[in-house]
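Undergrad: Sequence:
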Amino acid sequence: MLVIESIFIVILILATIPVLIVSAQVFIAILASKHKVIQPKLYDHLNVCILIPAHNESVNIIPTLDSISQNHASTLKVLVVADNCNDDTAEIVRQRGLEVIERHDHSRRGKGYALDFGINHLRQFSPDIVIILDADCIVDGNAIDHLIDKAVSTGRPVQANYLMFNRSASASIKMKIAEFGWLLKNYVRPLGFSIINLPCQLTGSGMAFPWRHISKINFATGHIVEDMKLGLEAAEIAAAPVFCPNAKVYSYFPLNEEGVKSQRTRWEHGHLGIIFKDVPHILLKAILKKNLHLFAMGIDLLVPPLSLMAMSLALLMVAGLLLVTIFNFPAIYFALTIYLNSLFALSIFCFWIAFGREIISLRQLLSIPYYILTKVPIYLRFVFKRQSEWVRSKRDEN
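For what it's worth, our numbering labels the leading residue of the sequence shown as 12, then goes sequentially.
All clues stand as given, with none of them false.
Pairs of lysine-lysine residues, derived as DSS-like cross-links and limited to a Cα-Cα distance of at most 27 Å, are as follows: (1) Lys240 to Lys227; (2) Lys240 to Lys259; (3) Lys296 to Lys196; (4) Lys296 to Lys240; (5) Lys301 to Lys227; (6) Lys227 to Lys288; (7) Lys185 to Lys196; (8) Lys259 to Lys88; (9) Lys300 to Lys227; (10) Lys88 to Lys52; (11) Lys288 to Lys300; (12) Lys240 to Lys300; (13) Lys288 to Lys196; (14) Lys227 to Lys88; (15) Lys196 to Lys240; (16) Lys301 to Lys240; (17) Lys288 to Lys240; (18) Lys52 to Lys259; (19) Lys196 to Lys259; (20) Lys296 to Lys227; (21) Lys259 to Lys185; (22) Lys301 to Lys288.
Simulated from the structure, these hints should not be mistaken for laboratory data.
Quick caveat, the model's predicted, so the values are computed rather than measured.
Starting from the given sequences, assemble the full structure and let the hints guide the process.
TA: In structure tokens, the structure reads:
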């Protein structure tokens with residue numbers, strides 16, 4: 012019985028950490044939700060390059076390039092890496108008078124390899140700032156100027172407020188909940204940490220790097236969540252990413268179910284893989300090197316995908332009830348599981364009130380438990396058939 016009790020206590024402690032992190036991030040973000048929007052300082056004298064990795068993006072890349080030209084008056088160098096393309100992506104970029112380089116290596120597939128190819132090409136220019144933008148992302152307003160200003164003023168990598176939306180107001184409840192979750196993960200949680208001067212994760216698009224940092228990072232890993240790995244590498248060289256809420260870039264979820272499923276599986280399997288494989292080593296290294304920023308990023312990564320987190324907390328509460336009623340464990344154990352579930356639910360509800368009411372209704376919010384059940388197969392595949400290689404999500408036009 013002592014062994015069972017010890018195991019339960021350890022699990023309870025491990026479950027407490029992500030709940031406290033999420034609740035703290037949410038409540039701090041709510042208190043600072045009216046963050047001041049300031050005009051960025053302009054740095055027209057700097058050499059800035061926007062690096063765009065693209066794989067068969069002949070349709071999606073057009074609005075991306077248009078948004079760059081419309082929302083930034085200064086001259087920018089735009090470099091597109093047409094990576095293993097078999098469409099006319101490269102030709103479309105050339106027709107617009109922009110630079111494109113083509114990469115063909117089917118044995119080394121993934122965004123990381125494309126970025127590595129682009130960075131090596133830029134070494135002959137050594138730009139002051141490199142901004143990485145996905146080929147299907149739209150630059151909103153003066154986001155580029157905000158990213159440049161933040162990168163110059165902090166001397167560190169910068170992550171934009173990267174959001175994803177549904178293309179249609181009539182999107183399914185499942186897709187609206189996905190948008191709701193994305194807002195929490197990519198905006199509210201990093202905003203909460205940024206208010207108390209802690210770093211954020213890199214989320215894939217709208218990432219600005221001073222050249223002295225990006226030139227030292229190893230991109231050619233083929234990792235399925237290469238952006239998380241990039242942020243950790245930056246933190247290890249004392250350049251942990253900072254969040255820039257005023258710089259907004261956005262994209263859209265795929266309309267086809269196959270694309271959504273592929274995208275979600277890649278993100279969540281990659282995140283879980285980092286939690287089990289990398290986070291313990293990261294936290295130990297951060298403690299030994301007294302690197303607060305790396306430690307903060309490590310504990311932030313301990314927060315699993317929220318569906319899995321909610322599912323685990325519910326199961327923990329059931330386990331606590333069984334231990335108390337069947338094995339006569341102290342009632343405090345069950346009480347603590349109720350507390351954790353209540354705090355988590357309160358955090359999500361407060362997040363919905365402050366930020367999410369335009370995305371989902373209260374009725375849809377209450378349907379989240381059903382949505383969570385639909386994701387069980389994703390987590391089972393992580394155990395029995397984990398996705399370990401980068402796979403491009405199926406686009407709507409393909």
